[in-house]
Amino acid sequence: MKLLVCISKTPDTTAKISFKDDNTQFNGDGVNFILNPYDEWYALVRAIELKEQKGGTVTVINVGDSSNDIIIRKALAIGADEAVRVDQPAKSSIDTAKQIAEYAKSQSFDVIFLGKETIDYNGAEVGAMVAELLELPYVSFASNMDSSAEHFVLTRDIEGGVEEIKLNAPFVVSAAKGMAEQRIPNMRGIMMAKRKPLNVIPGIETSSHTGVKSFTLPAEKDGVKMIDPDNMDELVRLLKEEAKVL
Amino acid sequence: MSVLIIAESQNNTIRSASNEAVFYGKKVAESLGTTCAALVIGEASGAASLGKYGADKVLQVDTGGKGFDSQAYTQIIKQVAQQESASVIVLMHSSTGKSLAGRLAIAMDAGLLSGATALPQIDGSSMIVSKTVFSGKAIANYELTGDVKVISVMGNSLKPELIGEEKTPNSLTLDLPTFNTEVLGVKTQSGTVPLPEAELVVSAGRGMKGPENWGIIEELANELQATTACSRPVADIGWRPHHEHVGQTGVAIRPNLYIAIGISGAIQHLAGVNNSKVIVVINKDPEAPFFKAADYGICADLFDVVPKLTAALQKAK
Ligand SMILES: Cc1cc2nc3c(=O)[nH]c(=O)nc-3n(C[C@H](O)[C@H](O)[C@H](O)COP(=O)(O)OP(=O)(O)OC[C@H]3O[C@@H](n4cnc5c(N)ncnc54)[C@H](O)[C@@H]3O)c2cc1C
Ligand SMILES: Nc1ncnc2c1ncn2[C@@H]1O[C@H](COP(=O)(O)O)[C@@H](O)[C@H]1O
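Taken in order, these protein sequences are the chains called A and B. The opening position of the first sequence corresponds to residue 34 in our numbering, with each subsequent residue numbered one higher. The opening position of the second sequence corresponds to residue 873 in our numbering, with each subsequent residue numbered one higher.
It is worth saying that the hints were derived from the structure and are not from the lab. It is possible that some hints are incorrect.
Keeping only pairs whose Cα atoms sit at most 20 Å apart, straight-line, the calculated PhoX-like set for lysine-lysine is [unchecked claim]: (1) Lys53/A to Lys124/A; (2) Lys1059/B to Lys254/A; (3) Lys1031/B to Lys273/A.
All chains should be built: construct the whole structure from the sequences, respecting the hints.
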């Protein structure tokens, strides 16, 4: 099977967030970036497992500049066979999806994997967009993929439960927790990653109707009000009368 | 120009969370000086009540008993949106809404904001809408342009109000697209409000020492009619089911009240809960980072204080 995994780079959750240019741009200086956990732990590993089961290749794709090569090499070290980087900064979900779809169109992949969402913007947008651009079915937030038969059965997380879906390749799927177990790259993987192909290709012109105008910081909390553990009546009163949540 | 709202159903019943999307859509329609329609795809009881939350009309499309398929639903919504000359499409930021929003943005060449936490500001033909980003550490204000705008609304962003009357659903006949996926089954827990939609959440972590101690958590949750949640390690070691895991890698929630019991408040946990309106933290360690994100704190042994809180709630009824 020909498998594609879309991987993205995101600030580590513990990173301190700041903005520049009059709060219109994210300030990446000094920020530790990581491979988006959903892409790494679930999408990529499940794709590798599928290849181990059925044979084929796993290609990873990233839209971004050369500073992303480090996360791409990590994906290769974990077990992807080859990588493609569309050489331009990711501008928007729509732009990213169009770049990925443009590449995928020329390749006929059986399954395109994405992470559930990026942990910085939590959009969960790119997968649905890629699917629509390629006119493919899309199953979001899959927590299990049964690939034992000719067709696939995916378990998708929904509010308060799960839904089971049967479909045939080709399709697009976004991976949530449960899809696979995280794999840590070993020394051999890291050495081999250096020799695996990373093809840098130019992007296409795109347009979109969505853009960030500015960032603001959330209002500071007033600070915690400590309550005497022997006076839970007081907490109940505050929740009712002051916070008005009961 | 009009606003089209996508209502969701589960087990052939309209999900009550749809009321918020309808109310949001109505507010957007009012500020644009136009009307709104709620669209129900498939058989669903309770569709008429969407009128009570502001839908000027309710439209229903029969899919012949087929389940959710993002590709087919996108085609259906696109047809209805064109018939209704919709300039704004409102969805819930739910598993269904997220599967559709990106597709619709492509299919309709629309501006898209997913996870809106407030009503848009209308600025001529463009709109400014905000969402929370970077694990709750910032708010991004997006500008949407284009003839059609798609907005998915984060749960508990707006309190739906009863502002209208029931509207008998109007059946639409459309060219049904092909469904390339088949829903084999839906499994949901009954009885409790699903976490992403819960207004009150009682959550516990490793401070509980073991799964056998969860009785006091369940009693507190019962007393409050709250939904239960947990920290990630607790789900990972199997003390609690995975669907209860909240945080960066679990479910992100924004209830009105989040009570965190025996949870340290690691940033990855906070990422999923720090948009809760009010946070109560119960922890025996005065240095626990969670206190910094809390509104009310109780520094004490949870085994001692949780039953006391349940009793105080009972008494205050
Ligand atoms: C990439 C990544 C993603 C992650 N995603 C998530 C996520 O989505 N959600 C999540 O929750 N975590 C996540 N984590 C893990 C997170 O960093 C913390 O390890 C985790 O949240 C800690 O869980 P805890 O608070 O239950 O346990 P602990 O950190 O062990 O805290 C237990 C707390 O209970 C208190 N306590 C103990 N006994 C008592 C008592 N008798 N009475 C009162 N208080 C008591 C202690 O003082 C302590 O503060 C993630 C980590 C990483 C690296
Ligand atoms: N710049 C990018 N390059 C490749 N894939 C991406 C990029 N951004 C996002 N993705 C993929 O799209 C998924 C969803 O991202 P998002 O829609 O931003 O939440 C991620 O988990 C990745 O799999």
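Against the structure, the hints come out as follows:
1. This hinted pair checks out: Lys53/A and Lys124/A have alpha carbons roughly 17 Å apart, not beyond 20 Å.
2. Proposed proximity of Lys1059/B and Lys254/A is contradicted: the alpha carbons are some 39 Å apart, above 20 Å.
3. Between Lys1031/B and Lys273/A the alpha-carbon distance is near 17 Å, which keeps this suggested pair within the 20 Å criterion.
In this structure, only the earlier hint numbered 2 is contradicted, and the remaining ones agree with it.
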